Amino acid sequence: MNPAGEEIAAAREPQDAVTSAQNLARGLHQFLNLGVAQLDAAVRESDAQVDKIAQCLATISGDVQQFEARLQSGPAGASGAQVIAEVRASIAAAVKALQFYDKLIQRLTHVRSGLAIPADATSDVTAAAGVDWNDILDQVRARYSMVEERVLFDFMMRGLRAEQMLKALQSLREASTPGELELF
Amino acid sequence: MSKRILAVDDSPSMRHMVGVTLRAAGYEVVEAADGDEALEYARNHSVDLVLADVNMPRMNGIALVAQLRALPAYRLTPLLLLTTESSQQSKQQGKQAGATGWMIKPFHPDQLLATLDRVLSGAATVPARGH
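Residue numbers (my numbering), protein chains in the order written: chain A, 1 to 184; chain B, 1 to 131.
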């Protein structure tokens with residue numbers, strides 16, 4: 001390369017670095033928004049289905065009550081009472097199991113925030129370089145409502161590997177006591 | 001006459017689950033989607049027990065408890081928080097706001113009914129108020 005060519009290449013380098021950073025920021029922004037959109041779609045789809053299941057349970061429960069009332073007013077068969085007891089037990093199990101959905105939605109909503117907050121902060125590619133990442137991380141952590149979410153976040157910040165975090169999460173779950181009541 | 005429970009949760013499926021459990025046990029259940037809606041109802045109707053989630057839009061469960069406790073008619077009413085949040089710090093906030101108890105989701109229907117039975121049997125009579 002002749003001296004004039006070297007000069008032109010040297011002058012382009014800072015410009016190329018800026019363009020590269022802008023492309024990176026734009027790509028990151030698009031990627032984060034993709035995650036947000038995918039989570040939104042998953043939440044909307046499961047919302048409708050779970051709501052339908054919950055309504056069905058409510059209907060079954062109402063039917064059982066009516067059936068029970070009829071049994072009490074007519075000749076009460078032992079087999080009928082046993083059927084009711086079994087249906088009631090099944091409803092109770094379903095009621096407990098279906099509550100996974102509430103927790104799932106909370107988790108997904110927080111993951112969504114974890115993507116949307118940096119996505120919003122990097123939407124202006126020229127301002128993205130000045131983003132305060134510690135502030136963004138604080139905002140993301142503040143959205144969490146479960147102890148295990150906060151613990152996982154802190155582990156991630158300490159640089160734990162994925163399998164270490166999963167192991168820690170498992171220990172947390174084993175130590176938790178769903179249904180636990182504390183009266184004040 | 002059946003006891004009236006105000007179930008407060010921003011999740012429709014959770015409200016369904018609580019409603020199914022309590023109605024099957026003979027309670028009258030009124031549902032509200034957040035603290036604001038619950039407070040509005042409680043100000044205009046009598047309620048025997050409030051069962052509220054903690055994390056909700058507009059007004060959260062702890063703020064709802066604090067607002068209800070400030071109303072003379074709810075000074076002795078059992079106010080239970082039912083939530084996925086299990087940190088001691090949050091429980092402490094609930095206690096300071098005036099909550100009767102803190103229950104961690106997911107609940108088992110039998111456990112929830114036993115809890116309601118326990119706190120309602122120990123509760124003082126709530127003055128009846130006009131609608």
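Hint data in this document are derived by calculation from the structure and do not stem from the laboratory. Since this is a predicted model, take the numbers as computed values, not measurements. Just so you know, not all the hints are guaranteed correct.
Said to hold, decoys possible - Keeping only pairs whose Cα atoms sit at most 30 Å apart, straight-line, the calculated DSBU-like set for lysine-lysine is:
| # | chain 1 | residue 1 | chain 2 | residue 2 |
| --- | --- | --- | --- | --- |
| 1 | A | Lys167 | B | Lys3 |
| 2 | A | Lys103 | B | Lys91 |
| 3 | B | Lys95 | A | Lys52 |
| 4 | A | Lys103 | A | Lys167 |
Each hint, compared with the structure:
1. A distance of roughly 45 Å separates the Cα atoms of Lys167(A) and Lys3(B); the hinted pair therefore is violated under the 30 Å criterion.
2. At most 30 Å may separate the alpha-carbon atoms for a hinted pair to count; Lys103(A) and Lys91(B) meet this at roughly 18 Å.
3. Using a Cα cut-off of 30 Å, the hinted pair Lys95(B) and Lys52(A) is violated, with the two alpha carbons roughly 36 Å apart.
4. For the hint linking Lys103(A) to Lys167(A), the alpha-carbon distance of about 20 Å falls within 30 Å, and the restraint holds.
Against the hints set out earlier in the document, violations occur for numbers 1 and 3.
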